[in-house]
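**Q** Using the hints provided, position chain B relative to the given structure of chain U.
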Amino acid sequence: MELAEFRACLDRWLDEHTAELAPPAEDPTLADHMAHLSQVKRLTFDAGWMRYGWPESVGGLGGSPLLRAYLGEALTLRGLVEPGIYSMAEVLVPTMLDFAPPALAAEMVPRLLRGDETWCQGFSEPGTGSNLGSLACRAVRDGDSWRVTGQKVWTSLAQFAHRCVLLTRTGTPESAHRGITAMFVDMDSPGITVRPIRAMHGAEEFCEVFFDGVVVPADRTLGQEGQGWAVAMDLLPYERSTALWHRAAFLQRRLGDLIAQAGDDSLDPDDMGEAVELLYAFRARSRATQYRLDSGDKLGAETSVDKVLVAIAEQTVFDLALDGMAVGITGGDDPASETWRREYLYSRAASIYGGTAEIQRNIIARRLLDLGAEA
Amino acid sequence: MDATERDLFAGSVRAAMESPDVDGALVDLGWRDALADDVRAAVSVVFDVQGRANAASSALDDVLLDALGIDTRAAVVLPPLASWRATSTAGVTTRALSTRSDAVVLSARDDKYVAHIVPATNLVARPISGIDPTLGLLAVELSDESRPIPREMPDSSGQQVDWDAALAAGQRALAHELVGAARTMLDLAQEHALGREQFGRPIAQFQAVRHRLAETFVYVEAADALVGEAWDEGGAESARMAKAFAGRAARTAARHCQQVLAGIGFTTEHPFHRYLARVLVLDQLLGSGRALTRELGRDVLRRRALPPLVDL
Numbered sequence: 001m002e003l004a005e006f007r008a009c010l011d012r013w014l015d016e017h018t019a020e021l022a023p024p025a026e027d028p029t030l031a032d033h034m035a036h037l038s039q040v041k042r043l044t045f046d047a048g049w050m051r052y053g054w055p056e057s058v059g060g061l062g063g064s065p066l067l068r069a070y071l072g073e074a075l076t077l078r079g080l081v082e083p084g085i086y087s088m089a090e091v092l093v094p095t096m097l098d099f100a101p102p103a104l105a106a107e108m109v110p111r112l113l114r115g116d117e118t119w120c121q122g123f124s125e126p127g128t129g130s131n132l133g134s135l136a137c138r139a140v141r142d143g144d145s146w147r148v149t150g151q152k153v154w155t156s157l158a159q160f161a162h163r164c165v166l167l168t169r170t171g172t173p174e175s176a177h178r179g180i181t182a183m184f185v186d187m188d189s190p191g192i193t194v195r196p197i198r199a200m201h202g203a204e205e206f207c208e209v210f211f212d213g214v215v216v217p218a219d220r221t222l223g224q225e226g227q228g229w230a231v232a233m234d235l236l237p238y239e240r241s242t243a244l245w246h247r248a249a250f251l252q253r254r255l256g257d258l259i260a261q262a263g264d265d266s267l268d269p270d271d272m273g274e275a276v277e278l279l280y281a282f283r284a285r286s287r288a289t290q291y292r293l294d295s296g297d298k299l300g301a302e303t304s305v306d307k308v309l310v311a312i313a314e315q316t317v318f319d320l321a322l323d324g325m326a327v328g329i330t331g332g333d334d335p336a337s338e339t340w341r342r343e344y345l346y347s348r349a350a351s352i353y354g355g356t357a358e359i360q361r362n363i364i365a366r367r368l369l370d371l372g373a374e375a
Numbered sequence: 001m002d003a004t005e006r007d008l009f010a011g012s013v014r015a016a017m018e019s020p021d022v023d024g025a026l027v028d029l030g031w032r033d034a035l036a037d038d039v040r041a042a043v044s045v046v047f048d049v050q051g052r053a054n055a056a057s058s059a060l061d062d063v064l065l066d067a068l069g070i071d072t073r074a075a076v077v078l079p080p081l082a083s084w085r086a087t088s089t090a091g092v093t094t095r096a097l098s099t100r101s102d103a104v105v106l107s108a109r110d111d112k113y114v115a116h117i118v119p120a121t122n123l124v125a126r127p128i129s130g131i132d133p134t135l136g137l138l139a140v141e142l143s144d145e146s147r148p149i150p151r152e153m154p155d156s157s158g159q160q161v162d163w164d165a166a167l168a169a170g171q172r173a174l175a176h177e178l179v180g181a182a183r184t185m186l187d188l189a190q191e192h193a194l195g196r197e198q199f200g201r202p203i204a205q206f207q208a209v210r211h212r213l214a215e216t217f218v219y220v221e222a223a224d225a226l227v228g229e230a231w232d233e234g235g236a237e238s239a240r241m242a243k244a245f246a247g248r249a250a251r252t253a254a255r256h257c258q259q260v261l262a263g264i265g266f267t268t269e270h271p272f273h274r275y276l277a278r279v280l281v282l283d284q285l286l287g288s289g290r291a292l293t294r295e296l297g298r299d300v301l302r303r304r305a306l307p308p309l310v311d312l
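Top to bottom, those sequences are chains U and B. Residues in the first sequence are numbered consecutively from 1, following my numbering. Residues in the second sequence are numbered consecutively from 1, following my numbering.
Everything labelled a hint here was simulated from the structure, so no lab data went into it. Being a predicted model, the structure only gives us computed values, none of them experimental. Positions of the beta carbon are idealized from the N, C-alpha and C atoms, including for glycine. Do not take every clue at face value.
What the hints assert, rightly or not - Below, a sample of chain U positions facing chain B; criterion: calculated Cβ distance under 10 Å:
no. : residue
1   : Q39
2   : D265
3   : L371
4   : E374
With the rest of the complex left out, here is chain U:
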């Protein structure tokens, strides 16, 4: 299906199914949001929309990745999904397609797309933030299995997750990025403990995950042993492409809300103009990225530009929200104020999660500006 037809048919379908897709009304918890997300995924999968843009080998209906970009945009613009939790498939499924044994991908990916399952991404560790290559969560080969022992942190939605795409150290501690292996782990395996972390925006979206001798079958290895760095480098550009297009739709919706709701004279015209320009510049940049993905280009370091830009745009938009919704954010206890407050606080992390703004600039300097290695 072509984008124009997809757009027209999807928009009509969304108009007809607004009631079934509507988010929980009163003061929803994260668990409520997750349950609602599963419902939206189920409905859109069963109607076919969620299957477009993914290959038939994993339950998709084929077609351009632009269709996925539009589906997430349309759902986000209508306020039917939260982009952060919705876009996990955009981050993890391409990696499954590239590195999972085909039978595993065919079995598991439809469950994620249909909303039957939630997956998480076990990359960061307490001692491994920006320096991903130094990770220490240990996997030791034991016959036909790996035995995993160690800790992950900032693992989004781990308390809801059925599976985890996990990076482990299989080489020596000194092997750096050469000694890393990726695997696909069942989160109900014995020896896994999840401890949610309450973040400053009030949600327990991130977790610590502890692995104590967890047995992972060797046929759950993603790629080859020692190829984990390649898996991570393959995954990260996806984290900065379609998922960020969905983020732009979220920012567009909320900036529109702000313009409609803010008190007269509470917003400075210079700041408003700057926020609009940044959002549109980011959207223009991300749009080009979507078309590169569509044309089959391999995405790489240039997506760090998208990531830096979206963080600047998000923080600029919510700095403006702090002006326009100042009383609500600082003193309001109504649901709308709660939402503005939560989103304002969450925006502070936009330059931290998914690779800090500094790491993105390091990548740009090294890979796009050819400035050589750092001192």
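**A** Chain B in isolation, oriented as in the chain U frame:
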């Protein structure tokens, strides 16, 4: 133009920008035909290359004439520096006023614009030296009643034109030129950072330097994407946004690149100063980044709605 034709065209334009007679060389390579055949490719290549080369030409006049629907090869009296509203009392022109026999003067009445074609010799103009004398801008005064063009020009003497469309065309062209200039500033700073050694290593190895250049790259790429969006959308609002953001991005580039270039970038022995001067003037033509951004913000707040977006 397909990609190969575009590359060939860009190569010819690069050579033309080195010529002692840039305008003549542009005509010879078919700039005006390209403008008629594929305005986006022609404008984006010529202005990007002109910006990168720190060259000056009368190409902006051709872009405006094309958008105004005027066939006469004339110089166009632009709004004064910092303004984007054409008036019949004062303005600036490019070097075209020195080489072309006619000039186009715009007058506004009831939000409608009328273009008057007058002999160039009728205008009293003085060169603007300013911060960038090599750009060749001229200041035109039209207010003196003793001069051949009175303040209030009868509508019958001109043709009604779409100034908003011409302004948008000019802003897109200038946005490309600002992006091109910013890219050269970044190239100069990068080259310097790799060659200049302190503490026994190239300064490119220091994160403070690397992050300034990375930041510049992000803004230049964003400005480039936004001018692409302006072409896709085609209207006045997106062109204004592209020009505003390109102006701001070029000034960001100038600030970071100058700091990286440090001492040598402060001298006239290094080409950086010419780019700094150029982007400061280009920023003021057809509305500065600062003023256009404020205007955008005011419009959004007044309408209580975001500008239209280009679909995926």
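**Q** Restraint: Q39(U) near chain B, CB-CB cut 10 Å. Satisfied or not?
**A** Violated - the Cβ of Q39(U) stays beyond 10 Å from chain B, reaching only about 25 Å at its closest.
**Q** Would the hint on L371(U) be counted as holding, given a Cβ-Cβ threshold of 10 Å to chain B?
**A** holds (4 Å)
**Q** Is the hint on E374(U) kept, meaning its closest Cβ partner in chain B is under 10 Å away?
**A** holds (6 Å)
**Q** Verify the interface restraint on D265(U): the C-beta must sit less than 10 Å from at least one C-beta of chain B.
**A** holds (9 Å)
Comparing the model with each earlier hint shows a violation of hint 1 alone; every other hint is respected.
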